[in-house]
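*Asks:* One line per chain: the protein sequences are A and B, in this order. For the first sequence, the working numbering gives the first residue as 427, with consecutive numbering after it. For the second sequence, the working numbering gives the first residue as -6, with consecutive numbering after it.
The set of hints was computed from the structure by calculation and includes no laboratory data. The C-beta atom is built at its ideal place from N, Cα and C for all residues, glycine as well. There could be a bad hint or two in this list.
As the list claims (entries may be wrong) - Straight-line Cα separation of at most 27 Å, BS3-like style, residue types lysine-lysine; simulated pairs:
1) K63(B) - K46(B)
2) K531(A) - K494(A)
3) K4(B) - K468(A)
4) K531(A) - K4(B)
5) K50(B) - K468(A)
6) K494(A) - K482(A)
7) K531(A) - K482(A)
8) K531(A) - K63(B)
9) K497(A) - K482(A)
10) K63(B) - K4(B)
11) K531(A) - K50(B)
12) K531(A) - K497(A)
13) K468(A) - K531(A)
14) K50(B) - K4(B)
15) K50(B) - K63(B)
As the list claims (entries may be wrong) - Okay, the calculated beta carbon distance ranges per label pair:
16) K494(A) - T64(B): 32 to 42 Å
17) S76(B) - S478(A): 34 to 44 Å
18) R23(B) - Q471(A): 31 to 41 Å
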Amino acid sequence: GENVGLHLPTLSVQEGDNSIINCAYSNSASDYFIWYKQESGKGPQFIIDIRSNMDKRQGQRVTVLLNKTVKHLSLQIAATQPGDSAVYFCAENAVDGNNRLAFGKGNQVVVIP
Amino acid sequence: DAGITQSPRHKVTETGTPVTLRCHQTENHRYMYWYRQDPGHGLRLIHYSYGVKDTDKGEVSDGYSVSRSKTEDFLLTLESATSSQTSVYFCAISDTLQDSPLHFGNGTRLTVT
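Looking at chain B on its own, in the form it has when it is part of the complex (with noise of 0.2 Å):
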């Protein structure tokens, strides 16, 4: 799993409450990826980071923050959480910036009631 580790696997929660999920590398990967996978899509990317408090929006980032205060951390944040954040999330690293595979972690599923 590329050294990476995805907290927690899973989660429930009620709808209008605040979710932090956090995603931990021990590669010293410079980039990071917060994808959110569900039927019928492909992964789809919410956030991204390029360095330590470097970060820019994916495709579906509207109801998600994100922060990278160190290098090894990755936190997602859902600010008031919906029923359509349901989902499986994904994070993942690379070490460069072009032309790279993303190393993905296990996941976290995450229900929204």
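With the rest of the complex left out, here is chain A (with noise of 0.2 Å):
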């Protein structure tokens, strides 16, 4: 898939538990944060996003937490299954007024069933 000879850091989860997959984003004046799953041999998909007016934002399955102190976004996943082994990546908005977003590099996550 796309993602191959990334090397990027992997979270190794056991089918039914928590995952949490964190964000380190750069821009103080950031307001919007997104994230999204890649499977491999496809798209970016949105799971869930953010404004900084909040702290915290759930979905199905999924939670968003925001610390605008440290700069920190993170996503957590419960009860995690087979189909959520992919690579989740944050982005943030860029201010500018026109929607063009900065992207994390991503996070593996490999669910053992």
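Join these two chains into a complex; the hints should help.
*Replies:* As structure tokens, this is what we get:
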């Protein structure tokens, strides 16, 4: 797939356990953040987003936490399933009003059945 | 895949030849983007479009041009392909300019020999 050779940080998780994926963002002025999931051979898929006026947002089996003080974003996946195996990366907006996102390099999640 | 079709899905071409990649959307979204994805890098923006015949450069625009003659189509052209342009290219769309996720196609894998 597209991510072969990336040598991404890898998180191995037992099926049924919770996963936590972390992201440090660079721009303290960023006010909108997104998590994407990318499976091999596919494009990035939107998971969840959060605006800077919030510090937590929940979706179906996923929670995003935002800590603006240390410029840190995390994605928690509850009851990880084999279908959650993918590369996950965060994105922040470019605060130039053009919806230009800056993307992180990603984290590989491997779910062990 | 948010109604986004990229073509071709795979292409091998020789150095110095022109190449055009096509992105077609059925969502009637105003904003369209071309990114490239390479090992060791996050997604990097090549060009984007605010609407028909309205485009602008991204962070890695050298060697690329784009055209948008219809809302649904955004073309990326490599006038004279180089080996450094071997990459996976993703098209993305959004319906608003601020604070909205981009939705991606499944990519075109381009190899320049």
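*Asks:* Starting from the hint list further up, note which numbers the structure goes against and sort them upward.
*Replies:* Hint check: 8 and 18 fail, others pass.
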